[in-house]
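**Student:** Work out the full structure, taking the sequences as your base and the hints as a guide.
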Amino acid sequence: MSFFTRRLAPHDAQLVIPLLRQSNRFFSDQEAAQAFLHELSKGREFRGVHDGTNMLGLMGWEDRGLPKHGVVEVIRFAIPERKFVRSAAELLFDTSLASIDYYFRQQQQRLRKVFMVISNNRGHAKEFLEDRGLIREAMLKNHYHDNRNESVYSLFR
Numbered sequence: 001m002s003f004f005t006r007r008l009a010p011h012d013a014q015l016v017i018p019l020l021r022q023s024n025r026f027f028s029d030q031e032a033a034q035a036f037l038h039e040l041s042k043g044r045e046f047r048g049v050h051d052g053t054n055m056l057g058l059m060g061w062e063d064r065g066l067p068k069h070g071v072v073e074v075i076r077f078a079i080p081e082r083k084f085v086r087s088a089a090e091l092l093f094d095t096s097l098a099s100i101d102y103y104f105r106q107q108q109q110r111l112r113k114v115f116m117v118i119s120n121n122r123g124h125a126k127e128f129l130e131d132r133g134l135i136r137e138a139m140l141k142n143h144y145h146d147n148r149n150e151s152v153y154s155l156f157r
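UniProt numbering numbers the first residue of the sequence shown as 1 and each following residue consecutively.
Bear in mind the hints are in silico, worked out from the structure with no lab data behind them.
We put the CB at the ideal spot given by N, CA and C, even for glycine.
Please note: incorrect hints may appear among the correct ones.
[Claimed, not checked] Computed cross-link-like contacts, DSBU-like style, restricted to lysine-lysine with a CA-CA straight-line distance of at most 30 Å:
#, residue 1, residue 2
1, Lys113, Lys68
2, Lys141, Lys113
3, Lys42, Lys141
4, Lys42, Lys126
5, Lys42, Lys68
[Claimed, not checked] The following label-pair restraints were derived from C-beta to C-beta distances:
#, residue 1, residue 2, range
6, Gly133, Pro10, 29 to 35 Å
7, Thr53, Gln106, 19 to 25 Å
8, Phe156, Gln34, 16 to 22 Å
9, Ser28, Asn54, 19 to 25 Å
10, Leu140, Glu31, 22 to 28 Å
11, Ser99, His69, 17 to 23 Å
12, His145, Ser87, 30 to 36 Å
13, Met139, Thr53, 20 to 26 Å
14, Arg157, Gly43, 18 to 24 Å
15, Asp146, Arg110, 37 to 43 Å
16, Gln109, Ser28, 18 to 24 Å
17, Asp51, Lys141, 35 to 41 Å
18, Arg44, Gln14, 26 to 32 Å
**Tutor:** As structure tokens, then:
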């Protein structure tokens, strides 16, 4: 099976709703679409992976601090567990990092650190991130949701 990645745009909102609903705590399709469009309007970058007909995952990021700091936060990493296809996730992650590297090279800077906060109940995603070289730096107890811990994962380049 072949997978493809591409930069996501506002017209992709309907395609990413199922991913966002399964990977995040959105209560409605409208809420998920509004969040996606709002994040795009703030200049955040999104990349999606698909098999030609279905969107299988997405990754969104934004830079933190000044470009010379070279720090990026992954704000969305949505690959639903029941649809998890490792080769698609690897392609999405690798092409997203390549896009981030390109972004910094265009500014005569370099990527130094990628970090993300992920819920501890997303075992498949945590395992995938660790396999890709991210290190768990901290655990945040009841950080955003009550009775739900999150972990901070980082990749230094």
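**Student:** Indicate, hint by hint, whether the structure satisfies it.
**Tutor:** These are the hints, each one checked on the structure:
no.: 1; hint: Lys113 with Lys68; result: holds (12 Å)
no.: 2; hint: Lys141 with Lys113; result: holds (23 Å)
no.: 3; hint: Lys42 with Lys141; result: holds (28 Å)
no.: 4; hint: Lys42 with Lys126; result: holds (27 Å)
no.: 5; hint: Lys42 with Lys68; result: holds (20 Å)
no.: 6; hint: Gly133 with Pro10: 29 to 35 Å; result: holds (32 Å)
no.: 7; hint: Thr53 with Gln106: 19 to 25 Å; result: violated (33 Å)
no.: 8; hint: Phe156 with Gln34: 16 to 22 Å; result: violated (34 Å)
no.: 9; hint: Ser28 with Asn54: 19 to 25 Å; result: holds (21 Å)
no.: 10; hint: Leu140 with Glu31: 22 to 28 Å; result: holds (23 Å)
no.: 11; hint: Ser99 with His69: 17 to 23 Å; result: holds (18 Å)
no.: 12; hint: His145 with Ser87: 30 to 36 Å; result: holds (31 Å)
no.: 13; hint: Met139 with Thr53: 20 to 26 Å; result: violated (38 Å)
no.: 14; hint: Arg157 with Gly43: 18 to 24 Å; result: holds (22 Å)
no.: 15; hint: Asp146 with Arg110: 37 to 43 Å; result: holds (39 Å)
no.: 16; hint: Gln109 with Ser28: 18 to 24 Å; result: violated (39 Å)
no.: 17; hint: Asp51 with Lys141: 35 to 41 Å; result: holds (38 Å)
no.: 18; hint: Arg44 with Gln14: 26 to 32 Å; result: violated (18 Å)
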